[in-house]
Each structure stands twice: as structure tokens, then as C-alpha cells.
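Given these sequences and hints, build the entire structure.
Counted from 1, the sequence shown has number 69 at position 69 by my numbering; the numbering is strictly sequential.
Bear in mind the hints are in silico, worked out from the structure with no lab data behind them. Just so you know, these numbers come straight off a predicted model, no measurement behind them.
Derived pair list, reagent style DSBU-like, types lysine-lysine, alpha-carbon separation capped at 30 Å:
no., residue 1, residue 2
1, K31, K63
2, K131, K67
3, K131, K63
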Amino acid sequence: GYYDYGMFQAIQIAAIVALRDTEAAVERQAKIYQSRRDALVDGLRRIGWEVEPPRAGMFVWAKIPDKWLQRMNTMDFAMMLLEHGDVAVSPGSGFGPAGEGYLRMALVENESRLRQAVRQIGRCLERMEEKWARPALAVDWSI
Numbered sequence: 001g002y003y004d005y006g007m008f009q010a011i012q013i014a015a016i017v018a019l020r021d022t023e024a025a026v027e028r029q030a031k032i033y034q035s036r037r038d039a040l041v042d043g044l045r046r047i048g049w050e051v052e053p054p055r056a057g058m059f060v061w062a063k064i065p066d067k068w069l070q071r072m073n074t075m076d077f078a079m080m081l082l083e084h085g086d087v088a089v090s091p092g093s094g095f096g097p098a099g100e101g102y103l104r105m106a107l108v109e110n111e112s113r114l115r116q117a118v119r120q121i122g123r124c125l126e127r128m129e130e131k132w133a134r135p136a137l138a139v140d141w142s143i
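Following this line, the structure appears as C-alpha cells:
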């Protein structure tokens, strides 16, 4: 077929150039992801999360703090962050049972946006803790 032989010469030349001259571009991109990773991991650690920085890749898998897992599952936690913190994350449980208790966070935004996301997560969790700390109003229904 067309993929095995007779490939248009311009495409062949472009492929050769891309394969030969990409090292600098790959290194630049790796540094960008490393910087984003560090911004996200450092921020999550500052708000009390235990996070292992990945050695490579474009995702950070963050363990949800236990005090939250005692209240809700991973999907509910991710939905809470979306609805009350305006931060979209992927619940780890969506990737299989071993992902329960974790969030997968993509490093596709710049450092400033990642720091903003961490601030919003922190504020969201503070608000939810305050809400849950308030005693419910007791109602006396007796006459």
C-alpha cells in the first residue's frame, strides 16, 4: 500500500529532517514539562498533600489526602473540585481499581495556571472543611 512504498518524496525528506534534528526541541519540551511538574507538585505539597513527582510524562498522579477519602470516593472528590473549585482533574478510578484514591492531573497548562489551580483547590477544600465543621441546626418537631 501507500504506506509501504512510493511515499511522496517531500514527506520522506520531512521525516528524515524531523528524526535527525529534534534533540534540542525534545530537550526544550522536557524542560517545560519538568517546570510545570515542579510548580504543581510544590503547590500541592504546600497545601498539605503528599505527592511524588513523576520522573517523566505529562501527568502527575496525586494521592488524595486520607481525611477526604474518609468522606467520599475519588469520583466524588474530583466532582467537588470541579463544581466548587472550578478545577478539572481526572479521577484515578477512571483508569481502573488501582486508581481509586488518586487524581491524575495533566501538565498541559502553563505554570501560572497550574499555581492558580492549586490555589483554587486549597480554597475549595478550606470552604468544604468549614462547611462540614458547622453543626447542623437541630429542629424540635415536638408540639
